[in-house]
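Q: Here's the letter readout for the chains.
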Amino acid sequence: MIELAQYLLNGISQGCVYVLLASGLTIIFGILNVPNFAQGHLYMVAAYLGFYMVMSYAMNYWLALVLATFALGILGLLVYFFVFYPIRNAPEVNLFVAAMALLMILEGGALFLFGTETKWFLIPWSRSVLSVGNLSLQVQRVIVIAGTTVVMLALWLFIKRTSLGAALEATAQHREGALLCGIKVSRISAMAFVVGTALAGIAGVLIGPAVLLEPTMGMGPLLVAFSAIIFGGLGSVAGAVLGSVILGVVESLASGYISATYNLAFVFAIMIIMLLFRPKGLFGKEVWRP
Amino acid sequence: MKSVFSPERIGWLLALIVAVLLPLVVGGYLTSILLLIAIWSIVAVSLNLLYGYTGQLSLGHSAFLGIGAYALGIIGVKLHIGFWPAFFAAIAISGLFGFLIGIPALKLRGPYFVLVTLGFAAIVGVIVLGWTQLTGGANGLAGVPRPTPIPLPFGKTLRFDSLLAMYYFTLFFLVLIALICHRLVRSLLGRTFVAISRDENLAEALGINTMQKKLISFTISALFSGVAGALYASYNSVISPDIAYFARGMDVLACLIVGGAGTMAGPMIGTFVMTAIPEALQIVPTLRTLINGFILLIFIIFLPTGIAGGFKALFARRRRSLSSGMGRNGIA
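If you read the sequences in order, they're chains W and S. For the first sequence, position 4 matches number 4 in this note's numbering, and the numbering has no gaps at all. For the second sequence, position 105 matches number 1105 in this note's numbering, and the numbering has no gaps at all.
Quick caveat, the hints were computed from the structure, so don't treat them as lab data. This structure is a prediction, so every number in the text was calculated from the model and none was measured. Check the hints yourself; a few may be wrong.
[Stated by the list, open to error] Here are the simulated DSBU-like pairs of lysine-lysine, each with C-alpha atoms no more than 30 Å apart in a straight line:
1. Lys119/W <-> Lys280/W
2. Lys184/W <-> Lys160/W
3. Lys280/W <-> Lys1107/S
4. Lys1078/S <-> Lys280/W
[To be verified] Computed footprint of chain S on chain W, listed as stretches where at least three residues anywhere in the stretch have a Cβ under 8 Å from a Cβ of chain S:
5. 14-26
6. 74-87
7. 108-115
8. 226-238
9. 264-271
Just so it is clear, CB atoms sit at the ideal spot from N, CA and C, and this is done for glycine as well.
Chain W on its own, in the form it takes in the complex:
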């Protein structure tokens, strides 16, 4: 029983990373209809940025978190204006390919700049563990859960309580309608990209001290985040959050009870089964666009 509770706890903390990635993906997808394949690699870049700020420049971890998030936001802005804005009217497949090219650039750049050997992101509390009764969790994992909760609340307030957030939601719901209402759709698209990549940045720096850094570390979480979006229903941030937590728990249970090697295979299998029998996900609207 205690084992199960521990696995659930691990799963939730892992799921929080997916929550941040998946909500960023959902926001970008809602506006641009592009599955941003580079999202996982942006998260990897952020983790390395945090690593170098803390380890090489002895920066405070929290300052590094803020700076790396801003840096990723600016990177998102550049990516939007130099890559996705010029081809906004091209067939959607071209946008997929562009996102894939970004993934290749980020992975290749990381391999070149950071090398293939894994790195430890060490902060003062890296090795500390918080124990309550028989349950225990790395302190950094607790910070991940707390940080994700704060960020998601802020995101929710931003979307629901500010006019910019309302414009974002309106554009995601109906692009032409938003244009007719006088919303500057291209600015909102840029903002969506900035918010989406900044979320990946937060995820990367939050999880960095709890995992090993390597240039390919983004691919697994990216695919799980996509699975979570499909599981929860595309286009709904709430669905993405719930899907992420569920898949985080599934991954943790699968590695605990079945096999740690194949835990990701279970997650993808769930995604494929979900697509087969309920393609619109748990809370999704229609899957096919005309």
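With chain W's structure known, arrange chain S on it following the hints.
A: Chain S only, in chain W's frame:
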């Protein structure tokens, strides 16, 4: 009516002659690079059938490449079965996997299909790394058989133990597969592929069983990629999980788009350019992915029809006639 010696046919013939004669002139190192170009061209040609002509973007072709390679490796090394039965079994297995994955995946469209192919490639990658007893895990498999000699009449045998013989063996499959694809896209079936790529709903409304046609295209594409995987395994004699790594599928897609998707010459031009230029400039392998990504990005923004598509547009403008090109012209 096209004359027997249209400029296009002469071009193909010249390319074939160069491909046959070049290894006799250049040294062993360049021949081995030509061989790799031929192998990757096969994957690019097979992906072109699915993406360029049928309009289905798959990021999962590393999976079929890996399945073809590992099927030959496992059957040849672990079961000690001779090369030829193992080779044909490997091809059949890749095709079978294509068929089985295609059934669920092709029900989906747009981003969903792309994601399922990527997820499938990731599953295959995880299994190849994880199932150590079968695949050797991270160490890979060594001793994958080379083709065994074929007896010919008059007491001669066709042997494959030299690099040159292996090159011609690969080139034979490239030409065969390119010819099959050429005939296929000009057949009624191929026209339905193109119809699906242009507008799937319209094709369905016209009475085309789009699911069935897409499945045929996907299966053939997987099967041909499996051929390339098996050839790679046999040539290299050692296979590592890198062959089934999802980035290999993306590299091939990059070659296809740079060369020109939806054209016959595109995949081969693209593979040649994307392999030959880094090789000529002596670029370190670690930089390859970065540079490939940049080249792909520049092409998708400025010339999404690729090199072959660009030439086609240039000639069409010069002749001031309507291009009767096939495939997804204007769409990468």
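Q: For each hint, tell me whether it holds in the structure or not.
A: Tested hints:
With a C-alpha separation of about 39 Å, the suggested pairing of Lys119/W with Lys280/W is violated against the 30 Å cut-off. The suggested pairing of Lys184/W with Lys160/W holds, with an alpha-carbon distance near 18 Å, which does not exceed 30 Å. For the suggested pair Lys280/W and Lys1107/S, the alpha carbons sit about 13 Å apart, so the restraint of at most 30 Å is met. Restraint check: the Cα-Cα separation between Lys1078/S and Lys280/W comes to about 43 Å, which exceeds 30 Å; the hinted pair is violated.
Check on the segment 14-26 of chain W: 0 of its residues sit with their Cβ under 8 Å from a Cβ of chain S, so the three-residue criterion for coverage is violated. Proximity of the segment 74-87 of chain W to chain S, defined as three or more residues with a beta carbon under 8 Å from a beta carbon of that chain, is established by the 3 residues found. For a cut-off of 8 Å, the count of residues in the segment 108-115 of chain W with a CB near a CB of chain S stands at 4, and the three-residue condition holds. Coverage of the segment 226-238 of chain W by chain S holds. Counting CB-CB distances below 8 Å, 3 residues qualify, and the rule asks for three or more.
Beta-carbon proximity to chain S at under 8 Å applies to 5 residues in the segment 264-271 of chain W; the threshold of 3 is reached and the given coverage holds.
The structure fails hints 1, 4, 5 (numbered hints given earlier, in ascending order).
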